[in-house]
Structures are given as C-alpha cells and as structure tokens.
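For the protein sequence lines, the chains are A and B, in the order given. The letter at position 86 of the first sequence is residue 86 when you use the working numbering, and the numbering goes up by one with no holes. The letter at position 100 of the second sequence is residue 100 when you use the working numbering, and the numbering goes up by one with no holes.
For the record, the hints were derived by calculation from the structure and aren't laboratory data. Backbone N, C-alpha and C fix where the C-beta goes; we use that ideal spot for every residue, glycine too. Check before you lean on any hint, since a few could be wrong.
[As the list claims (entries may be wrong)] If the Cβ cut is set under 8 Å, some of the chain B residues that face chain A in the computed set are: (1) Leu18; (2) His28; (3) Gln29; (4) Gln76; (5) Ile77; (6) Val78; (7) Ala85; (8) Val88; (9) Asn96; (10) Met99; (11) Val100; (12) Thr120; (13) Val126; (14) Leu129.
[What the hints assert, rightly or not] Simulated restraints on C-beta separations: (15) B:Val100 / A:Met1: 45 to 55 Å; (16) A:Ala89 / B:Ala144: 25 to 35 Å; (17) B:Phe52 / A:Ala86: 14 to 24 Å; (18) A:Lys104 / B:Val38: 57 to 67 Å; (19) B:Ala144 / A:Leu74: 16 to 26 Å; (20) A:Leu5 / B:Trp48: 17 to 27 Å; (21) B:Val50 / A:Asp6: 40 to 50 Å; (22) B:Trp24 / A:Leu60: 24 to 34 Å; (23) A:Val4 / B:Arg135: 27 to 37 Å; (24) A:Met1 / B:Arg135: 50 to 60 Å; (25) A:Ala89 / B:Val38: 50 to 60 Å.
[What the hints assert, rightly or not] Derived DSSO-like pairs: lysine-lysine, alpha-carbon spacing no greater than 27 Å straight-line: (26) B:Lys151 / B:Lys107; (27) B:Lys134 / A:Lys100; (28) B:Lys151 / B:Lys134; (29) B:Lys107 / B:Lys134; (30) B:Lys156 / B:Lys107; (31) B:Lys107 / A:Lys104.
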Amino acid sequence: MQLVLDIIVWLLLGLGSFFSITAAVGVLRFPDFYTRLHPAGKNDTLGVLLFCTGMLVDCLRYDYSYLIAGRLVLMILFMLMASPIACHAITQAAYLDGLKPWQKGDPRR
Amino acid sequence: MLRHLILFAVLLGFWAVLSGQLDWTDSHQRYLMICGVVSCALATLLSWRVGFLEKEGNFIRIAVRQVPYLFWLLWQIVVSNWDVARRVWSPRLDVNPSMVRTPYNLKSELAVAIYANSITLTPGTVTVLIDPEKREFLVHQLSAGGEAGLKPMHNKVAHVEGEGGEL
Numbered sequence: 001m002q003l004v005l006d007i008i009v010w011l012l013l014g015l016g017s018f019f020s021i022t023a024a025v026g027v028l029r030f031p032d033f034y035t036r037l038h039p040a041g042k043n044d045t046l047g048v049l050l051f052c053t054g055m056l057v058d059c060l061r062y063d064y065s066y067l068i069a070g071r072l073v074l075m076i077l078f079m080l081m082a083s084p085i086a087c088h089a090i091t092q093a094a095y096l097d098g099l100k101p102w103q104k105g106d107p108r109r
Numbered sequence: 001m002l003r004h005l006i007l008f009a010v011l012l013g014f015w016a017v018l019s020g021q022l023d024w025t026d027s028h029q030r031y032l033m034i035c036g037v038v039s040c041a042l043a044t045l046l047s048w049r050v051g052f053l054e055k056e057g058n059f060i061r062i063a064v065r066q067v068p069y070l071f072w073l074l075w076q077i078v079v080s081n082w083d084v085a086r087r088v089w090s091p092r093l094d095v096n097p098s099m100v101r102t103p104y105n106l107k108s109e110l111a112v113a114i115y116a117n118s119i120t121l122t123p124g125t126v127t128v129l130i131d132p133e134k135r136e137f138l139v140h141q142l143s144a145g146g147e148a149g150l151k152p153m154h155n156k157v158a159h160v161e162g163e164g165g166e167l
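If we strip away everything but chain A, and leave its shape as in the complex, we get:
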C-alpha cells in the first residue's frame, strides 16, 4: 500500500514537472504574445495543480498534519481562480494597448 502511494506521489510530481517545463518551452517557442499566453496560462495551472495534489497525497500518507492538507486544498482552489484571471488581465491590457495578433505566415516576434 505504501509503495502504491509512493508511486502515485512520484507520478503526480513528475507529471507536474513535465507540464511546467512544457509551459516554459511553449513560451519560448510560440510566435507572439497572445499565443505565448496559452502555455503560460494553462500548462502552468495544471503543473501547479499536480504538484499540490502530489504534496497533498504525501502529506496525508505520512499523517503529517491535516492543517497542511487544508492549506494545500486552499492553494489548489486559489490557483484555479487566480491563474486564468491573471492571464485574462494581461491579455486584455495588451489588446487595449493595440497589439496586433500574429497570423499564420507572419514572421516571428
């Protein structure tokens, strides 16, 4: 049982790292500001969600503290709300400032 939980924790942490790295690579590879926000807004959210879930399982497994588990749940909910709002705020600012979106065939910016 402990081994299974260990594997679940490592799986969650590994997947979280994968999506966080994907977000970083996507920000570097995508052609303009708006497209870059897709990996930054989505993959980062899932990455942090997976990290927090992994830590949650780990925390409950060793019976550290229900308080820490509660804080992790709050963190997950907060990330779920805050990350898209930040993403929207920055996109809206760019759009109102008149930044033109990249279209297929344009040079990279």
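Using the hints provided, position chain B relative to the given structure of chain A.
This is chain B only, laid out in the frame that chain A set:
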C-alpha cells in the same frame, strides 16, 4: 443578511485553516484568535457597506451546483493541457491563431467570471476582452475551430447559475 453571515463563517474557516493556532488556553493563541474574529467581522462589515454581495446573484446555488461543474472543468483542463503540450513539442509548431467573438447570456457577474475563467482554461482558447454592453467575449484561439466547445460550456455555466438563458 444570510449572505453576510455565510461570508463571515467562510472567512472564519479560512482564518482557522491558515493560522492553525486554535488553543484557547494559550494566551498568545487566544490573542490571535480574537484578532481573527475581529478582522473577519470588519471585512464582512466593509463588504456589507460596499454592497459586494448584492450583485452576485444566487451565490449559494452557484456554490452548490458548481461542484459537478468543477470536476467536468478539471477534465477539460487535462484535455486542453494535452492539446497545448502536443503543439508545443511538435516540430512543425502547429498553430494558426485567430480572434473570434462569442456571445453570452448570463445575469450575474460571478457567472460571467466563471465562464470567462473556464474559457481560458479549456482547449485552445483565451478570453481577451469582455464587452458587457454587446454581451459578448473576444476570444483568442490557437487554431480554427476552438470555439466549437464554447456553446456547451456556456449552457453548463447557465445551468450552474440557474438564471441566465441558454445560447
């Protein structure tokens, strides 16, 4: 009134989880607990004065009905992440972005915020602009056809809210 009592209870619970010092016999912890109750009461009082909660629609119903929606949304987040990750790692960089306008028919600001957040989190779309006068969103999508999934999502949010009409 009931809304403000609920807000007060939620704030107290939030404080209790974050602080974790709930030993009434210890004088320092007692001081912290009293501080918590006072600041929660102050925050509730201020939000009552400003009138935040009046604009939010039936947020109790939204909070209850949101639970199944949240699980559906989590699955959508996984799908969307897989989609973006595939585009990021594909050697040809398979993106063809465009902007589309999509209407919405929701009453409360809370439901509009839920819908806008959901659009940002789901496959290939990011909310750019909310236009409350024309009642539509401007959405940036990674590839053509991303807006196909928006209508069913809008109807799910409309059901969660319980007031707005379907699209």
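Original post:
Looking back at the numbered hints, which does the structure fail to meet, lowest number first?
Top reply: Violated: hints 2, 3, 4, 11, 19, 20, 23, 25 and 31.
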